[in-house]
Amino acid sequence: NAGVTQTPKFQVLKTGQSMTLQCAQDMNHNSMYWYRQDPGMGLRLIYYSASEGTTDKGEVPNGYNVSRLNKREFSLRLESAAPSQTSVYFCASSLGAEETQYFGPGTRLLVL
Amino acid sequence: AQSVTQLDSQVPVFEEAPVELRCNYSSSVSVYLFWYVQYPNQGLQLLLKYLSGSTLVESINGFEAEFNKSQTSFHLRKPSVHISDTAEYFCAVSEMGTYKYIFGTGTRLKVLA
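Protein chains in written order, with the working numbering: chain U, 617 to 728; chain G, 12 to 124.
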């Protein structure tokens, strides 16, 4: 069991470039989440997918899009990266609402 | 709206001393409460959680937290810390029936030899 995996681990982008962060889980979880972590701000929810085929905005969705490709995979896309999107991005999954969330190792993104 | 407050951004403590990391929350509905730990360059891992029942919950590595509804608190304690407990600790709240966690800003625990 790999748990929650994320690719890439590190990425450097120039302002205006686009990229997709990939996330996959092998725990047969229904719900998946994308967070960003910034110093002094804790984790903030960007988007979540309660179940396959659904996605909803979190606290900070602007500048991001998501796709729940299937039950296992949930991707996060930055269409036009901005320096304010420099952060560490974590994917998580859970069986459902209120359940324990399991986190991936994170993607460190630097936007120049 | 929900909110979570971790007042202490950093807590230094000597090895084998007790420690308390504070967490207060606000919510107009019933909540579930969680503590997560993050070791350097890793994702978050669940330390313990309160869903219902006994207000005192324990983890396998000696941490405990007590849910206090009247004070809207869920403080994390350990009677004797180890160097290996050095990490960042996050308190989180989830309103019943929702998918959204609200995380606190984290407390960096540094255990000194």
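If you are wondering where the hints come from, they were derived from the structure by calculation, not from laboratory data. All figures in this text were calculated on a predicted structure; none of them were measured in a lab. Please note: incorrect hints may appear among the correct ones.
Straight line, CA to CA, 20 Å or less: simulated SDA-like cross-link-like pairs of lysine to any residue [said to hold, decoys possible]:
#1 K121/G / Q13/G
#2 K111/G / E715/U
#3 K111/G / T671/U
#4 K687/U / G658/U
#5 K80/G / R33/G
#6 K111/G / R660/U
#7 K111/G / G674/U
#8 K121/G / P90/G
#9 K630/U / L726/U
#10 K111/G / E675/U
#11 K625/U / M107/G
#12 K625/U / E675/U
#13 K111/G / L57/G
#14 K60/G / Y718/U
#15 K687/U / R33/G
#16 K111/G / A713/U
#17 K60/G / G658/U
#18 K111/G / K625/U
#19 K111/G / S691/U
#20 K673/U / G108/G
#21 K121/G / K625/U
#22 K111/G / M657/U
#23 K111/G / K630/U
#24 K111/G / N678/U
#25 K111/G / L725/U
#26 K673/U / E714/U
#27 K111/G / D654/U
#28 K687/U / D654/U
#29 K673/U / M107/G
Results for each hint:
1. Restraint check: the Cα-Cα separation between K121/G and Q13/G comes to about 29 Å, which exceeds 20 Å; the hinted pair is violated.
2. Taking the CA atoms of K111/G and E715/U, the gap is near 10 Å; set against the 20 Å cutoff, the hint holds.
3. For a cut-off of 20 Å, the pair hint linking K111/G to T671/U stands: about 12 Å separates their Cα positions.
4. Proposed proximity of K687/U and G658/U is contradicted: the alpha carbons are some 27 Å apart, above 20 Å.
5. A distance of roughly 14 Å separates the Cα atoms of K80/G and R33/G; the hinted pair therefore holds under the 20 Å criterion.
6. Pair hint K111/G plus R660/U holds up; C-alpha atoms about 10 Å apart against a cutoff of 20 Å.
7. Restraint check for K111/G and G674/U: satisfied, since their Cα atoms lie roughly 8 Å apart, inside the 20 Å limit.
8. For the given pair, K121/G sits about 15 Å from P90/G by alpha-carbon distance, which is consistent with the 20 Å threshold.
9. Distance check on the hinted pair: K630/U and L726/U sit about 8 Å apart at the alpha-carbon level, within 20 Å; holds.
10. Proposed proximity of K111/G and E675/U is supported: the alpha carbons are some 9 Å apart, at most 20 Å.
11. Distance hint between K625/U and M107/G is unfulfilled; the C-alpha atoms sit about 33 Å from each other, more than 20 Å.
12. Proposed proximity of K625/U and E675/U is contradicted: the alpha carbons are some 24 Å apart, above 20 Å.
13. Restraint check for K111/G and L57/G: the C-alpha separation of about 16 Å stays at or below 20 Å, so the hint holds.
14. Using a Cα cut-off of 20 Å, the hinted pair K60/G and Y718/U holds, with the two alpha carbons roughly 13 Å apart.
15. Only pairs whose Cα atoms come within 20 Å are accepted, and K687/U paired with R33/G is rejected, the gap being roughly 37 Å.
16. Restraint check: the Cα-Cα separation between K111/G and A713/U comes to about 8 Å, which is no more than 20 Å; the hinted pair holds.
17. Of the pairs offered as hints, the one joining K60/G and G658/U holds, with about 18 Å between alpha carbons and a cut-off of 20 Å not exceeded.
18. This hinted pair does not check out: K111/G and K625/U have alpha carbons roughly 25 Å apart, beyond 20 Å.
19. With a C-alpha separation of about 18 Å, the suggested pair K111/G and S691/U falls inside the 20 Å cut-off, and the hint holds.
20. In summary, the hint linking K673/U to G108/G is supported, as the alpha carbons are separated by about 16 Å, within the 20 Å threshold.
21. A threshold of 20 Å between alpha carbons decides the hint, and for K121/G with K625/U the separation of about 26 Å lies outside it, so the pair is violated.
22. Annotation: proposed proximity of K111/G to M657/U holds, straight-line Cα distance about 16 Å (limit 20 Å).
23. Distance check on the hinted pair: K111/G and K630/U sit about 31 Å apart at the alpha-carbon level, beyond 20 Å; violated.
24. Only pairs whose Cα atoms come within 20 Å are accepted, and K111/G paired with N678/U is accepted, the gap being roughly 17 Å.
25. Between K111/G and L725/U the alpha-carbon distance is near 24 Å, which puts this suggested pair outside the 20 Å criterion.
26. Taken as a hint, the K673/U and E714/U pair is honoured in the structure, with Cα atoms around 17 Å apart against an allowance of 20 Å.
27. The hinted pair formed by K111/G and D654/U meets the criterion: a straight-line CA distance of about 18 Å does not exceed 20 Å.
28. For the suggested pair K687/U and D654/U, the alpha carbons sit about 28 Å apart, so the restraint of at most 20 Å is broken.
29. The straight-line distance between the Cα atoms of K673/U and M107/G is roughly 18 Å, inside the 20 Å bound, and the hint therefore holds.
In summary, the structure is inconsistent with hints 1, 4, 11, 12, 15, 18, 21, 23, 25 and 28 from the numbered list given earlier, while agreeing with the others.
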